[in-house]
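A.B. asks: Protein chains in written order, with this note's numbering: chain A, 1 to 89; chain X, 1 to 133.
Any given hint might turn out to be false.
As the list claims (entries may be wrong) - The calculated PhoX-like cross-link candidates involving lysine-lysine, where the alpha carbons are at most 20 Å apart (straight line), are: (1) X:23 x X:90; (2) A:73 x A:85; (3) A:49 x A:60; (4) A:38 x X:53; (5) A:50 x X:6; (6) X:6 x A:52; (7) X:6 x A:60; (8) A:85 x X:6; (9) X:90 x A:85; (10) A:38 x A:50; (11) A:60 x A:73; (12) A:60 x A:50; (13) A:85 x X:15; (14) X:6 x A:73.
If you are wondering where the hints come from, they were derived from the structure by calculation, not from laboratory data.
Given next are the chains, with one letter for each unit.
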Amino acid sequence: MEEYCNNHTRGELLDEIRATNFSLIELGLYLDINPNDKRALCLCNECAKKLKMLTDNYQKIYGPLTIEFPCNKWRWLEEPWPWEKGGSF
Amino acid sequence: MWLYQKKLEYPVRIKCTNPRLAKFIISQYGGPDGELAASLRYLSQRFGMPDQKSKAILNDIGTEELAHLEMVGSIVHQLTDGVPVEELEKAGLGAYYTDHGVDVYPSSAAGVPFTAAYMAVNFRIKKSNVNYL
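Chain X with its partners taken away, still in its complex shape (with noise of 0.2 Å):
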C-alpha cells in the first residue's frame, strides 16, 4: 500500500500562468509516454517478476513515477489556475474545459484519452524486459 506524504518530490512554483504550454505538458501525465503509463507499467509488471531484485526494482520506481505524475498535474494545474475560458478557448483548451472543466484529465497533448493500450507492447516482450533488468 502506499502512505501519501503532503510535499512534491521536487517543488512546483509556477509564476505565470500558460495554458498554451500546459496543453502540450499534459502528455507527460497521460500520454503514451507519461507517467500515468510508466507508474502503471511499472506497477502491473512487478506481480510477474521471477527474482527479489526485480520485484523490488519495479515496485519502487513505480512508486516514484506516481510522485512524479503528481509533480506534472501540478505543473498542468498551476499553468492554468485562473485563466480566464475565453483564454483557455484561446490556447485550443476550449474543448478540454468543456469535457473536464478544470480538472487534470489524463490524456495527451492531442487530446486522446489515457488508455491501458499504451502498456501493451511492454507486456508482451516480458521475458526480454527481465533479462534487460
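Here chain A stands alone, though its shape is the one from the complex (with noise of 0.2 Å):
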C-alpha cells in the first residue's frame, strides 16, 4: 500500500479514497433493505477495509480528513477545503 501511494498523486489517491467511499455509501444503503445478502456483505467489508488502508496512507503523507485522525500538531487548518477551488485535488 505504501508503494503505492508513492506512486500516485494526490488527486489520484483521493479519487481512489472518493470511489471507495461512494460504493461504501451505496452498498449500506442496499443493505439497509437487503440484510441478509451475503455477497453484498462481502463486498461491503472489503470496501470498508480498503478505504481504512487507502485514508490511513493518505492521512499520513497529506493530513487529517477527519479529526480523529492524531497529529502532533493541528493540521487541520493547514490544507484547503474542500468546497474551495483547487480543495478537491
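Two chains, two separate frames, one set of hints: put the complex together.
C.D. replies: Written as C-alpha cells, this is what we have:
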C-alpha cells in the first residue's frame, strides 16, 4: 500500500478514496433494506477494509481527513477546504 | 451524530466562473426540491419510523443528502468566487449580494429563503411514505 501511495498523485489517491467511500455508502444503503445479502455484505467489508488502508496512508502524507486522525500539531487548518477552488485535488 | 470528512463526496472543480448559472443552481441548495429540504426531510422523518429497516435507510440517506448539499454549495461558491460585484449585478445577483454577500444562502432560484414548509406535504402523508419504503 505504501508503494501504491508513492506511485500516485494526491488527486489520484483522493479519487480512489472517494470512489471506495462512495461504493461503501451505496452498499450500506442497499444492505439497509437487504441485510441478508451475503455477497453485498462481503463487498461492503472489502470496501471498508480498502478505505481504511487508503485513508490511513493518505492522512500520513497529506494530513487529516477527520479530526480523529492523531497529529503532533493541529494540521486541520493547513490544507484548503474541499469547497474551495483547488481544494478537491 | 456526524463526523466531518474534509473531502467532497464527489470533487467539484469549476474552471470558469458563471454567476448566471449559479443563480439557477442555488435552487438545488435551498429551493423546494433542494438538498437541504431532502436531508432535513429524511433526517426528521426517521424519528417516526416503525421498524429497523426504515429507520436505517432514512438515517443513511439523510446523511448522504448532507454530502450532496455540500457539493451543490461548492458549485455555487466556485461559480461566483472572485466575480466582481458589477458582474454579479449583471447576472441578476445584485440583490442577493446586498443581502448575503458572498455566502451561499439557502434559497430558491427566485430568491425565496429556504422554509421548512417545503417538507410539510411529506409529513402529512407519512403513513403512505412508510408503505412506499
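A.B. asks: None of the hints should be skipped; say for each whether it holds.
C.D. replies: Here is what the structure says about each hint:
1. X:23 x X:90: holds, 11 Å
2. A:73 x A:85: Judged against 20 Å, a Cα distance of about 25 Å means the pair is violated.
3. A:49 x A:60: Holds, because 17 Å separates the two Cα atoms, which is no more than 20 Å.
4. A:38 x X:53: holds, 17 Å
5. A:50 x X:6: holds, 18 Å
6. X:6 x A:52: Distance ~15 Å between residue 6 of chain X and residue 52 of chain A Cα, so the pair holds.
7. X:6 x A:60: holds, 14 Å
8. A:85 x X:6: Holds: residue 85 of chain A and residue 6 of chain X sit about 14 Å apart, inside 20 Å.
9. X:90 x A:85: violated, 23 Å
10. A:38 x A:50: The given pair, whose Cα atoms are some 18 Å apart, holds under the 20 Å limit.
11. A:60 x A:73: holds, 13 Å
12. A:60 x A:50: The hint holds at about 16 Å.
13. A:85 x X:15: Cα-Cα ~9 Å, so holds.
14. X:6 x A:73: holds, 17 Å
Violated hints, in rising order: 2, 9; the structure is consistent with all others.
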